[in-house]
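Please build the complex by placing chain F on the supplied structure of chain B, with the hints as guidance.
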Amino acid sequence: MKRTEHEVISSWIDNGASVLDLGCGDGELLSLLIRDREVRAQGIELSDQAIHSCVAAGLSVFQEDIDTGLSDYNDGSFDYVILNQTFQQVRKPDFVLTEALRVGKKVIVGFPNFCYITDRFQIFFHGKVPVTASLPYEWYDTPNLHFLSIANFRDYCSRKDIEIESAAFVSKNKRIRLLPNLFGEVGLFLLSK
Amino acid sequence: MNELIQKLTPLHEVRVPTSRSIGNVETKYFNFANHPNFLPLELGEEIGPLSIAYETYGILNKDRSNAVLISHALSGDAHVAGTHWGEKAPGWWDDMVGPGKGIDTDKYFVICSNVLGGCKGSTGPSSINPQTGKPYGLEFPLVTIGDMVNVQRHLIDYLGIEKLLAVIGGSMGGMQVLQWMVAYPERIRSAIPIATALKHTPQQIAFNAVGRQAVMADPDWKCGNYYGSSVPAKGLAVARMIGHITYMSDASMNEKFGRRTKPEKQALKFSDEFEVEGYLHYRGDNFVKRFDANSYLYVTKAIDYFNILNGHNLENVFRNLKAKVLVLAFKSDWLYPSHQSQEIAKACKLAGVEASYCEVNSTYGHDSFLLEIEEQAGLISNFLKTVSNGHFNGSHEA
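Those protein sequence lines, which keep their order, are chains B and F.
Following this note's numbering, the numbering of the first sequence begins with 66 at its first residue and continues without gaps.
Following this note's numbering, the numbering of the second sequence begins with 25 at its first residue and continues without gaps.
Next comes chain B alone, as it looks inside the complex (with noise of 0.2 Å):
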């Protein structure tokens, strides 16, 4: 699944633009980014591993929460700021994106949809917190703080007037355009203001 939501990343991204990646873990994508848009990457991260393994990959990273790392840059400072698999861990994803979107000229956000079918399914058979294959986590061990939709999200979107320049989903490695919040397991938005 990851490797189609980094091609779907990917192919929004102008070659040679600047990039800051919120939660970029390893650096696997702006790994991926670095070779086929030649981007200058950035990126943020807490956990300590990841942050050597950046280095190690000679990625340029800053250890620190997402939720205060944006505020040291001016506006406009990166043509993309993406909110990768992230976004529904941040304490205040709303102050995080109106961040992003402030930092970045555009944003892109990636999250799992709670409302996909087999979460759906789980809840109505089962009675419990789904457990998926985007969403692994017990519910008394998990680092996802908000569950939300791809409806909820665009909703969020036309709210805050944000707008939608594309948007993406994936399931099980593929893309998804029948009724995404029921078949999407995944939401990819290319987003500005």
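Simulated from the structure, these hints should not be mistaken for laboratory data.
Take these hints with a grain of salt, some might be off.
Once the Cα atoms are required to be at most 30 Å apart in a straight line, the calculated DSS-like pairs of lysine-lysine come out as [as the list claims (entries may be wrong)]:
no.: 1; chain 1: F; residue 1: K293; chain 2: F; residue 2: K280
no.: 2; chain 1: F; residue 1: K325; chain 2: F; residue 2: K258
no.: 3; chain 1: F; residue 1: K86; chain 2: F; residue 2: K52
no.: 4; chain 1: F; residue 1: K144; chain 2: F; residue 2: K313
no.: 5; chain 1: B; residue 1: K157; chain 2: F; residue 2: K355
no.: 6; chain 1: F; residue 1: K52; chain 2: F; residue 2: K409
no.: 7; chain 1: F; residue 1: K409; chain 2: B; residue 2: K67
no.: 8; chain 1: F; residue 1: K346; chain 2: B; residue 2: K170
no.: 9; chain 1: F; residue 1: K52; chain 2: F; residue 2: K131
Chain F in isolation, oriented as in the chain B frame:
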């Protein structure tokens, strides 16, 4: 099998099995700033001639592109690694610098010089003033971190190195790294400031000020004219004891000493009883044997004067910098707390400098940069590798 292990282990965890000490090394001297070409100093005076103690390890490659300059901290010297003939103790960063170590002398040509104003071979207040034939004492002009780095730049010129692969240093050494980044950005390909600050804060100045007062309150100090008679040992030892308190952390002191006391009965009511007292005393007395009290005054003053933002704002202080930067801080360091390193990182962000910031877990306090070797060595060696290969942020330097 080895290959398999390497494949299964993340890059930074690959331990180099052959790390060893560099062996016997010796200090060399660089003499310059002879009459009439004295070295102009930042605060308006000038000084010369100068003799600067330095050591080098490893081999400078053909295109002179593998030189790494290490800048030492307050009490450090040019002797970073290896041992001097007849001495047992290795240099102050021997765990970090050597063949197969974090700063690998099989790959890099490593240089370190004793700072201007120091007392370990470079011209300082204990050197002979050629105009009087006696030690300078307080006739030695005030020097700054900028002057120290200017001297290093002269040394690099003398060694025929156009561009350093990296300049690395912790604490006061980190200030020199920052100074390189601002004063000679075109002369460095990368910089690693460790556990340091853009400027000294009132709290940091205060600790240094108390140390200086301790030295000057010692009747043996005699306004700096103690050469040839007894040195202000008590004062300098107290200054060093204060220093050591600030270099450790609550946790590291707890672990090292607890509330343990010496088993034997105390001769006097207030002689050393707790282990921590004995330790500080030992450190203080040891320091007196190897450090000049006037140098302590001059060098701590240079640290207190340090403010890289002088005449700059945070946004433009690193504006001309093309070098890659790795900023390191330690979680338990309260003398140079991580927020000061984050400020350095912020300045890099604002200037669009390619930079990384990493906060290393360690309980050793400010001393971590000397003691927490493994994690630090992994970061530094991997960073140097990517800079040296020109493989940084995907780009390949011409």
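Evaluation of the provided hints:
1. With a C-alpha separation of about 24 Å, the suggested pairing of K293 of chain F with K280 of chain F holds against the 30 Å cut-off.
2. Pair hint K325 of chain F plus K258 of chain F holds up; C-alpha atoms about 20 Å apart against a cutoff of 30 Å.
3. For a cut-off of 30 Å, the pair hint linking K86 of chain F to K52 of chain F stands: about 22 Å separates their Cα positions.
4. Taking the CA atoms of K144 of chain F and K313 of chain F, the gap is about 12 Å. The hint holds against a cut of 30 Å.
5. Taking the CA atoms of K157 of chain B and K355 of chain F, the gap is about 25 Å. The hint holds against a cut of 30 Å.
6. Restraint check: the Cα-Cα separation between K52 of chain F and K409 of chain F comes to about 28 Å, which is no more than 30 Å; the hinted pair holds.
7. With a C-alpha separation of about 29 Å, the suggested pairing of K409 of chain F with K67 of chain B holds against the 30 Å cut-off.
8. Restraint check: the Cα-Cα separation between K346 of chain F and K170 of chain B comes to about 24 Å, which is no more than 30 Å; the hinted pair holds.
9. Distance hint between K52 of chain F and K131 of chain F is fulfilled; the C-alpha atoms sit about 21 Å from each other, no more than 30 Å.
Comparing the model with each earlier hint shows no violations; every hint is respected.
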